[in-house]
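Asker: One-letter residues, chain by chain:
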Amino acid sequence: MIIRGDEPEQIRLLRKLYKPGNYFMQGNEAVAYGALFAGCRFYAGYPITPSSEIAETMARELPKLGGYYLQMEDEIGSIAAMVGASWTGFKVMTATAGPGFSLMQENLGYAVMTETPLVLVDVQRSGPSTGQATKGAQGDFFQARWGTHGDHPIVAVSPTSGQDAFWEIIRAFNIAERLRTPVVFLFDGVLAHTRELVKIPDVDEVEITYRKLPQNEEEAKLPFGDPHGDGVPPMPLFGHGYFTHVTGSTHKENGLRDVYTPEVHDRLVRRLHRKIEKNRHVYEKYEEHFTDDAEILVVSWGVTARPALGAALKAREEGIKVGLFVPKTVHPFPGERMKELGKRVRAILVPEMNLGQMILEVQRFVNDDVLLKGVNKIGGVPLTVEEILREIRGVA
Amino acid sequence: MMPEIYSKYPMVKYLRKEALPTALCPGCGGGTVLNAFANAIDQLKLDPRDLVVVSGIGCSAWIASPYFLADTLHTTHGRAIAFATGVKVGLPDKKVVVISGDGDLASIGGNHLLHAARRNIDITVILVNNFIYGMTGGQVAPTTPFGAKTTTTPYRNIEHPLQISETIAAAGASYVARWTTAHVYQLIESIKKALQVKGFSLVEVISQCPVQFGRRNKMKEPAEMLRWFLKNSVPISKAKKMSPEELEGKFVIGEFVNRQRPEFVSELNKLIDEVQEHFGLKEV
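Sequences listed follow chains D and A, in order. The C-terminal position of the first sequence is numbered 395 in numbering that gives the first Met the number 0, with every residue numbered one higher than the one before it. The C-terminal position of the second sequence is numbered 283 in numbering that gives the first Met the number 0, with every residue numbered one higher than the one before it.
No lab work stands behind these hints: they were computed from the structure. Any given hint could be a false lead.
[Said to hold, decoys possible] Just so you have them, the derived chain D footprint on chain A, three or more residues with Cβ under 8 Å:
hint : stretch
1    : 14-26
2    : 124-131
3    : 246-254
4    : 263-271
[What the hints assert, rightly or not] One-sided and incomplete, this derived list gives chain D residues near chain A with beta-carbon spacing under 7 Å:
hint : residue
5    : 72
6    : 76
7    : 80
8    : 83
9    : 243
10   : 245
11   : 246
Quick reminder that beta carbons are idealized off the backbone N, C-alpha and C, glycines included.
Work the whole structure out from these sequences, hints included.
Answerer: Structure representation (structure tokens):
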């Protein structure tokens with residue numbers, strides 16, 4: 000039983016095709032190359048702006064690596080095909096934007112319930128609906144968390160640059176494989192289309208994780224059990240004679256449907272949550288700048304973290320004690336660290352390209368005596384250093 | 000204790016015993032389809048370990064998943080063929096079979112059905128057409144005959160039914176056949192052929208739902224429905240000479256197409272070989 004993408008042949012191909020060095024490329028291309036380095040060998044998707052270059056890059060590069068690009072008839076079929084392929088041992092990815100992400104939500108829930116590793120890139124664009132289809136935004140923060148139905152946990156990762164996207168997509172794959180769960184990659188239209196310097200490393204510098212496979216017949220017979228106590232069952236792949244039954248309905252540890260016993264549903268859904276809660280060390284990640292002595296804290300994510308850093312640097316030059324906190328895994332939110340930082344500052348600013356989404360997560364973890372203020376901009380144009388700096392001065 | 004029927008029945012070796020008895024209503028055509036499928040597998044001497052069976056949502060989706068003892072993927076409503084597409088690309092040497100109903104595959108899943116046929120991916124689809132949404136309580140389906148009564152067409156159905164086999168044959172499938180549950184031996188032969196064809200194959204089975212369809216359309220006994228199928232079935236060779244008016248309300252049965260066309264996954268693998276060759280990536 001193998002997970003495709005880790006054979007010595009693949010290492011040889013990656014090294015031959017992508018020489019280490021600095022390249023000038025789009026954020027979307029960085030995501031695609033990162034996925035290839037992470038071992039992704041199956042991509043099923045449906046074109047949508049501003050994510051299309053990810054599909055185009057995968058269509059061009061995957062065959063060279065012996066991988067598969069499928070253009071499906073719609074977004075629903077794309078994520079369905081990914082789930083099917085993941086059960087045959089592929090690391091799988093798709094990329095879409097807001098409307099396509101909405102269409103994928105039902106099967107995203109299916110992937111949560113059936114514990115299918117996959118990576119779903121959402122290149123956020125300006126909505127609601129078709130909105131400004133070609134412009135960037137950060138409006139899908141909560142769609143990632145609450146888009147699908149039922150009580151479900153989700154992991155969502157969000158990078159801040161092209162270079163960051165290369166490494167973060169690899170991390171997204173590693174989380175998906177390690178925890179046997181779908182991971183949402185919240186990218187945005189601005190970074191997707193920004194061309195900048197991206198350093199491609201040597202294959203050896205990339206650390207890759209693979210999903211846990213059953214070690215014996217007994218483990219294979221319990222595809223939804225918890226034999227190792229970490230909440231993550233080994234995944235018996237299709238085609239190996241285990242007669243595995245996979246269903247999105249409530250199922251017992253052996254995979255068979257039981258939708259009538261309250262305890263079975265309770266046990267399954269609580270384990271799915273526990274799996275994510277208990278393994279915080281696998282996915283929790285944030286960046287901090289000047290937080291040691293900060294009196295004012297800027298909390299920002301994704302593309303907006305960049306002008307936020309510029310504003311923090313300028314404010315520091317002006318003698319304002321500003322710190323910057325950037326969650327890189329945005330769901331589950333790094334609440335513990337947020338709570339600690341919240342106790343030490345008197346004001347928190349949350350710049351984002353929406354009318355206030357992550358700020359609600361921040362609010363959950365800070366006391367009322369802290370001044371909490373959003374710096375919000377919509378319209379498809381990113382926040383500038385000046386705009387954020389003005390707000391920092393305002394609360395200084 | 001397992002009732003005697005499960006140990007006496009020769010095809011039981013293909014069933015997931017812990018999932019029995021089935022949830023199908025007495026008189027349902029689903030059992031006939033499961034029986035025919037198991038017989039086809041048996042006659043072809045296929046190892047169930049070389050099978051992956053995918054289904055969607057609804058009564059007919061249960062026929063093979065969970066009951067059939069193979070790798071089984073019970074998916075979301077209408078999406079079985081799209082899930083199966085991913086499975087087939089990953090396991091090109093296995094037989095990938097989709098068994099589901101008309102509401103699932105031809106209504107909400109119509110897009111996937113059409114495009115899988117166009118793509119000609121090597122998947123066998125057994126589409127159980129009982130003209131009705133059985134599991135949700137007997138609502139009108141895109142296959143419900145004109146004039147029939149259902150819970151959501153209590154006065155009569157004013158829509159025209161989708162001719163699934165005709166549509167999928169036109170879309171480009173390699174093999175398409177239609178039978179009813181009253182044509183069991185022909186059905187088994189067609190499933191065997193469909194499994195052996197390299198390319199997209201569809202076997203449409205017109206099946207009785209006495210509980211949700213028959214009861215509301217003056218055929219509450221399963222046998223009455225089977226007699227209705229037999230009386231109104233027209234072999235495709237004969238149907239070709241009949242006018243649309245004469246064919247109204249008839250079930251055209253037989254093989255619609257059986258042809259060879261380039262198959263999707265083998266073309267995909269051929270393409271990969273060519274690309275790797277072109278860029279000098281093959282190991283020498």
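Asker: For every hint, state whether the structure bears it out.
Answerer: Checked hints:
no.: 1; hint: 14-26; verdict: holds (count 3)
no.: 2; hint: 124-131; verdict: violated (count 0)
no.: 3; hint: 246-254; verdict: violated (count 0)
no.: 4; hint: 263-271; verdict: holds (count 3)
no.: 5; hint: 72; verdict: holds, 4 Å
no.: 6; hint: 76; verdict: holds, 4 Å
no.: 7; hint: 80; verdict: holds, 4 Å
no.: 8; hint: 83; verdict: holds, 3 Å
no.: 9; hint: 243; verdict: holds, 5 Å
no.: 10; hint: 245; verdict: holds, 5 Å
no.: 11; hint: 246; verdict: holds, 4 Å
Hint compliance for this structure: hints 2 and 3 are not met, and every other hint is.
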